[in-house]
Amino acid sequence: MTDAVTFRGVSRHFGPVKAVDEVDLAIHDGEFFAMLGPSGSGKTTCLRLIAGFEQPTAGSIEIFGERAEGVPPYLRNVNTVFQNYALFPHMNVLDNVAFGLRVKGVSKAERRRAAEETLELVELAGYGTRRAGELSGGQRQRVALARALINKPRVVLLDEPLGALDLKLREQMQEELRKLQRSLGLTFVFVTHDQDEALSMADRVAVFAEGKIQQIGSAEDIYRRPSTRFVADFVGSSNVVPADLAGVGKMGQWASLRPEDITLDKAGLAATVTGKFFHGRVTKLSLDIKGQSLTALIPAHESTPDIGETAYVSWDASRAHVMELEA
Amino acid sequence: MRPNASQPAIFAPRSGPLARKVDWVIRHPRMFVFLMVLPITLWLGIVYIGALIALLIQSFFSIDEFSGVVVREFTFKTYGELLRPYNLDIILRTVAMAAAVTVVAAMLAFPIAYFAARYAKGKWKALFYIGVMLPLWSSYLVKVYAWKLVLAKEGILTWIFAKLHLTWALDGVLSIPVIGGNSLSVSYMGTFLVFLYIWLPYMIIPVQASLERVPGALLEAASDLGATPRQSFRMVLFPLALPGIIAGSIFTFSLTLGDYIVPQIVGNSRLFIGQAVYTQQGTAGNIPLAAAFTVVPIVVMGIYLWGARKMGAFDAL
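Chains P and V, in that order, give the protein sequences.
First residue of the first sequence? That's 1 in the UniProt record's numbering, and the numbers climb one at a time after it.
First residue of the second sequence? That's 1 in the UniProt record's numbering, and the numbers climb one at a time after it.
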């Protein structure tokens, strides 16, 4: 099967800045693919390369097996949901959604019908005559999505689409997006800096740092088996400890150990408590074992020692993961 | 006791009669706003609107043809005079000129403004502003007379065309009936070129301001959804820039409608509205007819703005 998007050695430089640096990537047809990374890591530039807003400095990009370099955005059957939605302020919701069909010369009656249908899909039926300015953030988000979906694109690109929404609405939209993607069977490429969002929504995640991909894998892969220190730290803030302390690997290697995998155990190692923070479901302990600082998340119902006291902790060595690369 | 506990939580009111009054005004926002708009209200209300009403009243008076005295009685006679073929020609000529200047100014201004809004950064932007505004710093009369010399039969333009062996092209253009003439400086075309030059900055600046407010993402979105550059322009960029174009056209249109110096210096001897007002109220002493002529641009602008609004020009505001 042909991949939806293929990057081969793709770079995009802005003067001396290597926004994207020799990236190889294959996004499968029909998958929900997340690009995760801090700001300035190159994830958005990668998205813009797929959309056609940027051209690669080097390397080749294929979309469903067809070369995409030099092809302008309007000749790509790829649609984008923009970060701030970029709805046309001088059009109502219906005209915004129907825009893609209007430029293709679809008749007025036909595109009106299609736009209403698509609005129904995103649960905004009856909002057609409103102006974009009269909608809430969540509704604008849905309009932007409908506008992208009406063209029946082969790939849907989403650039931090939930960034401007409050937490509750975000979680609701996450679920809806995922459901929509499954039912339509479309390829979604989703850019986010929120690791929870990436892990919970995506089939596969690519973690970006400094223009390069650190790791590509399933959410569980990324979380359980981070390949670099950066991934371990950025995704779920792991403890990075010498492998021999974690009980795995060889001397000189480093291992990641998740805070929630550390448990209180009378027979375990002695650690000094240097900080204690109550988080509701869990209590976060900052620990010090022979000069190595560790963070542990202990279920809130367990009683925990106070700052300055000694805690005895242990973990299942199979939960620790030796990182291949030192980065 | 904490170190800052000796500090008051609320400071004592300021003393002095002026400070107390200022504090009072600041605590009463309505008063504050009232004081802010008072000067401009007085200016607009009394000096401007008042003068306009006086003008309007004058236009409904008439002149006694034998004695030349203004008859202060309400009549439409003066407006009737406006419709005489000679006067009607003046109005049509002026409106046509203003329309032509406005349309061409908009077409010239758009690419310049687009470049400035989208691509010019830092010192290039400063250069743009200086380049557009610099002509406004020198005297209007000097510029018009300079243009008269440039466009004259013995002027530099004729010379350049001759050097480039393009005299035939200039002659061809000048031989066009109505807008042509003996030389550019005595033709409508010359008047048009000078108007265009003089008023162009007033079109560029508002268009540039409106283009600056169009987010780049909107153009990307249009392109992303399949719009060719031409479609993006027609369906997104142009409608969003339209308020700026309209604002600019209010300047170019009304300034051309009212001007009496440019057509007097550059052009043939046929009158424009401004010249008609000038001669009617000065040489001829026919204040009512001058007033009636002055009302014409106001009415034309009113119709123009009403039409623009109907067409949805201000929807993007």
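Some hints could be false.
[Said to hold, decoys possible] Straight line, CA to CA, 35 Å or less: simulated DSBU-like cross-link-like pairs of lysine-lysine:
#1 V/K121 <-> P/K18
#2 P/K108 <-> V/K310
#3 V/K123 <-> P/K18
#4 P/K266 <-> P/K276
#5 P/K276 <-> P/K250
#6 V/K153 <-> P/K212
#7 P/K179 <-> P/K152
#8 P/K212 <-> P/K284
#9 V/K143 <-> V/K153
#10 V/K143 <-> P/K18
#11 P/K250 <-> P/K152
#12 P/K179 <-> P/K108
#13 V/K310 <-> P/K104
#14 P/K266 <-> P/K284
Everything labelled a hint here was simulated from the structure, so no lab data went into it.
Index of numbered hints that the structure contradicts, given in increasing order: Violated hints (numbers, rising): 6, 10, 11; every other hint is consistent with the structure.
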